[in-house]
Amino acid sequence: MTDNESMKALPDKQPKFKLNNGQEIPALALGTWKAEAGEVERAVENAVRLGIRHIDTAEMYGNQDEIGNALAKLMKEGVVKREDVWITSKLHNKSHARVREACQETLKQLRADYLDAYLMHWPISTDDKLNPIEGPPIEDTYHEMEALVDAGMVRSIGVSNFSVKKLRALLKEVRIKPQIQQIEGHIYFRNEYNMHYCSVHGIHVTSYSPFGSPDSASMSGRRVNIAYPLHDPMVVGIAEKLKKHPAQVLLRWHTQRGSSTAFKAATPEHIQSNLEALAFELPPEDMRALTTIAYTMRFVDGEKWWVREDGPIKTLTDLWDGEELTGWPPGVSTYSWLSSDKI
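Under the UniProt record's numbering, the residues of the sequence shown are numbered 1 to 343, in order.
Among the clues, some could well be false.
Restricting the straight-line Cα-Cα distance to at most 30 Å, the calculated cross-link-like pairs of lysine-lysine (DSS-like) are [claimed, not checked]: (1) Lys-108 <-> Lys-73; (2) Lys-165 <-> Lys-16; (3) Lys-94 <-> Lys-304; (4) Lys-108 <-> Lys-94; (5) Lys-129 <-> Lys-108; (6) Lys-34 <-> Lys-73; (7) Lys-16 <-> Lys-76; (8) Lys-177 <-> Lys-81; (9) Lys-94 <-> Lys-76; (10) Lys-172 <-> Lys-18; (11) Lys-108 <-> Lys-177.
Worth flagging that the hints you see were computed from the coordinates, not collected in a lab.
If you're wondering where the values come from, they're calculated on a predicted model, not measured in any experiment.
Turn these sequences into a full structure, and let the hints guide you.
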């Protein structure tokens with residue numbers, strides 16, 4: 001089989017994960033956070049032409065117009081139909097009290113009639129300048145998102161960056177159970193506590209920053225001197241053994257542990273390489289090795305953005321409820337607890 005034939009075959013082989021409402025979400029998504037102006041439209045066009053069928057965006061990213069332009073062009077050319085592409089967007093923190101209007105604006109920017117998934121980006125309300133404020137209760141905002149499903153504007157709803165404690169509290173109040181929780185996830189921050197909780201309750205996890213996130217650390221004002229997952233000796237060793245790129249190993253690890261994944265890539269070469277993560281499997285011993293790395297690092301902790309002495313989120317513990325450092329709250333570190341009735 002030639003390289004071109006292999007590339008064309010990949011879209012039909014992409015795994016999907018079934019959500020609790022019966023919808024199926026593609027395993028790999030093109031992430032668009034932190035993309036430069038003018039870069040996103042080209043990246044989306046390249047990605048869809050190569051076979052990506054899941055685009056992850058958010059009002060907060062400021063690039064939904066470009067994504068809409070790219071998708072409209074691709075559909076006009078007959079490359080894909082609307083139903084072929086899964087679009088995930090997220091509710092801006094400043095819009096917790098105006099959910100329907102925010103969704104309508106997102107649909108307009110994306111030039112779409114509906115969203116496949118709409119997530120509450122953070123469990124935090126802000127003003128228009130992104131200063132955290134006491135907004136409406138989280139459950140009230142979520143109820144407005146449920147109404148979007150009723151109206152046919154959105155097919156699946158969910159949350160992002162919720163601790164287990166916050167998610168547990170929300171589940172007591174909802175009519176439509178979240179279909180998706182999007183959280184940071186990589187070999188240095190496996191988020192096992194959150195993933196297991198979601199699994200028990202039938203909530204699919206999408207992981208972001210699968211390669212770690214060096215630029216996120218610098219954006220948040222922290223100086224870190226660490227090895228990132230792409231350069232981890234174990235990852236590099238497994239990649240060399242399997243004759244794969246380290247990024248392919250990391251993406252395949254996510255797929256085999258049951259989470260969809262949003263990755264960032266701008267060039268056709270990187271997008272194609274990442275897609276090829278779906279064309280092989282990691283042996284069980286390599287999955288075990290990657291899932292037992294002791295090093296822990298959360299890159300996107302939100303401290304610079306949301307923690308204020310005079311705001312509702314005064315500490316990282318207020319935001320993450322004890323999960324900020326390792327993903328496990330204090331005193332919880334074993335699967336025996338996870339299998340108990342406390343979950």
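Status of each hint after checking the structure:
{"no.": "1", "hint": "Lys-108 <-> Lys-73", "verdict": "holds (15 Å)"}
{"no.": "2", "hint": "Lys-165 <-> Lys-16", "verdict": "holds (28 Å)"}
{"no.": "3", "hint": "Lys-94 <-> Lys-304", "verdict": "holds (17 Å)"}
{"no.": "4", "hint": "Lys-108 <-> Lys-94", "verdict": "holds (18 Å)"}
{"no.": "5", "hint": "Lys-129 <-> Lys-108", "verdict": "holds (22 Å)"}
{"no.": "6", "hint": "Lys-34 <-> Lys-73", "verdict": "holds (23 Å)"}
{"no.": "7", "hint": "Lys-16 <-> Lys-76", "verdict": "holds (26 Å)"}
{"no.": "8", "hint": "Lys-177 <-> Lys-81", "verdict": "holds (28 Å)"}
{"no.": "9", "hint": "Lys-94 <-> Lys-76", "verdict": "violated (34 Å)"}
{"no.": "10", "hint": "Lys-172 <-> Lys-18", "verdict": "holds (23 Å)"}
{"no.": "11", "hint": "Lys-108 <-> Lys-177", "verdict": "holds (26 Å)"}
Hint compliance for this structure: hint 9 is the single one not met.
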